[in-house]
Amino acid sequence: DIAFNAAKDAGARGKVVMSESEAAKVIPGAFESVFEARWSYVESGHVDMPLGLKIFDGTVDGVVVPPVWSFAEVNEISGVDELEVLDLESDGERDMAAEHERDRVAAGQHCVEVFVLTSAMGWPYTGFEAVNARCVFVRREMVRVWRVVEEQIRMWPNCTHQCLNKPYILLGTPGIGKSLGCGSYLLHELLHYDAAKVPAVAYFVGGSAYIFHKTGAMAGRVVFYRKAGDALSAMDEITAGNMKIEGTKINEGQRMRREMDGYIIFDVSGAFVPYSQFLLCRWGCIVLSSPNTKKFAEWAKQNSALPIYINCYSRREIMAFHAFQERSVLRTDEEYVGAREQIESRWTEIRTRIREVGPLPRYIFDKEVFDNRREEVKKALESITKIDMERYVRDFFGGNNGIEDGTTHKIIRLVWSSMNGHKSCRNYPASVVIARELISRVARHFAGASCLLKMLRMPGVDGAAVLEKIGVCAFMYRSVVDELVGKMKHLPRTGGAARRSVLARVNAADRYAQDHRIVGFGSGTRQQGAKLDRNSLRPRVLYIPDIPNFPVVDGFYFVEAPPEDGGVAGGGGAGGVRWRNWTFVGVQVTKAGKHDTDCGAVASFMRRMEQCIVDWEQLKGQISWEIIYVQGRDSIAINRRQACKMIATEDRQSDKRVLTDEGRRRREERAQLLREH
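Counting the sequence shown from 1 gives a position; this note's numbering is that position plus 312.
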């Protein structure tokens with residue numbers, strides 16, 4: 313490698329002696345420590361290892377094995393972690409995320425979860441003090457960031473003084489390792505990049521700076537500047553010197569391809585946030601920042617600055633992080649395997665913390681730090697005001713990318729997705745528990761017609777997205793329901809006769825929900841709210857689930873009216889007289905042109921209803937059913953009956969068992985659930 317050979321040659325010749333001073337000093341061994349950082353990796357699919365994870369040395373003859381992910385492997389991002397989605401869908405009896413993990417380990421499919429870089433002296437972020445963190449966890453998101461930076465470097469010959477080299481701003485939720493993790497990994501890759509293209513790397517952190525020299529008399533040296541301004545002056549001198557050399561060669565008739573002077577990594581966690589238009593003509597740049605406008609205002613206001621969004625850790629990446637830390641304090645693989653029970657027990661505790669405060673490594677590995685963070689989250693949620701609600705609506709439904717204060721940081725995170733060429737960045741609740749609480753608060757606040765109408769009229773808010781999330785609240789407004797009744801279209805069975813909605817058969821005062829209740833299903837902490845029984849369950853009350861992704865419906869209420877054919881909806885038994893004239897009205901707000909349901913979702917719905925309602929086993933067989941699909945003006949109209957079908961997934965057999973355990977009667981009732989919609 314050109315840079316490393318130059319470093320060794322310069323060190324051997326000893327031609328350069330730099331006097332140390334308060335302003336600048338050489339850090340012996342720092343260049344080699346970063347350049348020669350040791351690779352390891354954590355691989356899943358090992359059934360005989362704790363959590364199915366095994367740690368390997370990652371190099372053979374200096375080559376990383378297996379190779380770090382390609383751009384194609386890291387560019388497709390769904391955004392929200394699959395295990396978090398399973399956590400949201402888990403009921404009180406099943407931990408679906410844990411089941412998924414056990415199934416994946418049992419399958420024995422090997423997969424690299426994270427790479428690890430270990431620098432003997434540490435990194436610029438740690439002040440090159442070996443007692444501080446020496447390991448950097450390299451995950452897919454960091455590699456994606458590097459691939460973007462690398463592509464820009466390849467384009468440098470095409471840059472001109474009229475076409476500025478554009479700086480990047482790396483934005484992500486605080487606590488995910490942008491500074492120590494991504495900044496250090498980018499530095500390592502830049503040092504290994506062709507020295508002719510990237511002759512130097514400047515790393516600004518904590519008001520100070522390090523310049524890593526890859527070429528020239530100082531090759532292989534790292535110079536530390538206590539004051540960042542002094543480093544800027546040194547960089548100005550480098551640029552001025554290079555421009556002078558280029559000018560001389562041009563005057564001599566030589567053709568010069570424009571090269572860059574180096575690359576800058578700015579960590580704005582410190583107080584000094586420099587901006588130099590002159591340097592950006594000749595230096596590439598990336599700014600590491602939390603999405604707080606106060607910290608990168610000078611950069612963000614430049615129209616040429618390009619954002620790169622980075623997601624939080626996935627659950628599996630944090631699991632690999634945990635496994636590596638546990639293995640690091642043990643001497644052998646045998647000790648690691650012997651500690652399996654303790655390691656997996658500690659992981660269970662960490663999973664609980666993730667559900668509470670989010671997948672943020674800074675806050676979940678230490679109990680005291682976690683307890684403090686949990687209290688901060690609690691206070692942030694309790695401090696939400698009515699005025700704050702409008703901001704959260706814009707955050708959730710308006711596509712806002714910016715987060716503007718420390719309170720919001722504690723309960724919201726950035727989520728970036730890129731699927732099939734479609735890219736998006738949005739705000740999302742930081743954890744499962746926070747999501748549950750925010751949904752409850754937003755639904756309560758917008759249960760009034762005036763609040764919902766105000767929200768729909770907010771500038772920058774996607775009205776269709778609002779309706780899809782909490783449009784179920786519209787069924788609390790008499791005028792809205794009266795309007796809907798006249799426009800509803802029945803979707804009959806093939807060859808079946810059209811039927812009127814129950815809402816068209818009752819008095820106007822009885823067809824809409826006159827009250828609402830947030831129903832707790834215990835997502836995340838498994839602490840569910842009080843169950844509804846025959847005394848507390850009432851018609852004309854809109855029941856809104858407190859978790860996202862509730863199966864089959866967004867909300868529901870009961871309407872009391874005799875069956876249209878004059879018969880009895882269900883059988884007798886205890887409570888039958890009271891319930892036999894009830895109709896379950898499920899509301900599903902959707903923009904899609906179809907909303908087919910799979911058997912697993914119906915089974916999950918039934919489990920949740922049984923979890924929530926004490927007498928569900930009796931109630932469900934004695935009532936009529938109706939599902940109403942509500943669509944916005946710009947939606948694709950649903951014009952056929954929606955199907956309930958079995959899908960080919962890993963849980964196909966378990967879903968089928970849930971549907972068939974109680975025989976044919978139960979299957980028919982579940983099919984009946986989708987009969988009138």
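Hints in this document: simulated from the structure, not taken from any laboratory. Just so you know, not all the hints are guaranteed correct.
DSSO-like, lysine-lysine: derived pairs with alpha carbons at most 30 angstroms apart [what the hints assert, rightly or not]: (1) K698 - K561; (2) K539 - K509; (3) K366 - K478; (4) K539 - K690; (5) K337 - K679; (6) K478 - K509; (7) K691 - K556; (8) K561 - K509; (9) K337 - K539; (10) K690 - K679; (11) K679 - K478; (12) K679 - K735; (13) K691 - K679; (14) K561 - K539; (15) K509 - K556; (16) K561 - K478; (17) K478 - K698; (18) K690 - K366.
Because the structure is a prediction, the values reported are computed rather than measured.
We went through each hint and held it up to the structure:
no. : hint        : result
1   : K698 - K561 : violated (66 angstroms)
2   : K539 - K509 : holds (27 angstroms)
3   : K366 - K478 : violated (41 angstroms)
4   : K539 - K690 : violated (39 angstroms)
5   : K337 - K679 : violated (39 angstroms)
6   : K478 - K509 : holds (16 angstroms)
7   : K691 - K556 : violated (58 angstroms)
8   : K561 - K509 : holds (18 angstroms)
9   : K337 - K539 : holds (12 angstroms)
10  : K690 - K679 : holds (16 angstroms)
11  : K679 - K478 : violated (42 angstroms)
12  : K679 - K735 : violated (36 angstroms)
13  : K691 - K679 : holds (18 angstroms)
14  : K561 - K539 : violated (34 angstroms)
15  : K509 - K556 : holds (18 angstroms)
16  : K561 - K478 : holds (27 angstroms)
17  : K478 - K698 : violated (40 angstroms)
18  : K690 - K366 : violated (37 angstroms)
Hints 1, 3, 4, 5, 7, 11, 12, 14, 17, 18, counting from the list given before, are not met by this structure.
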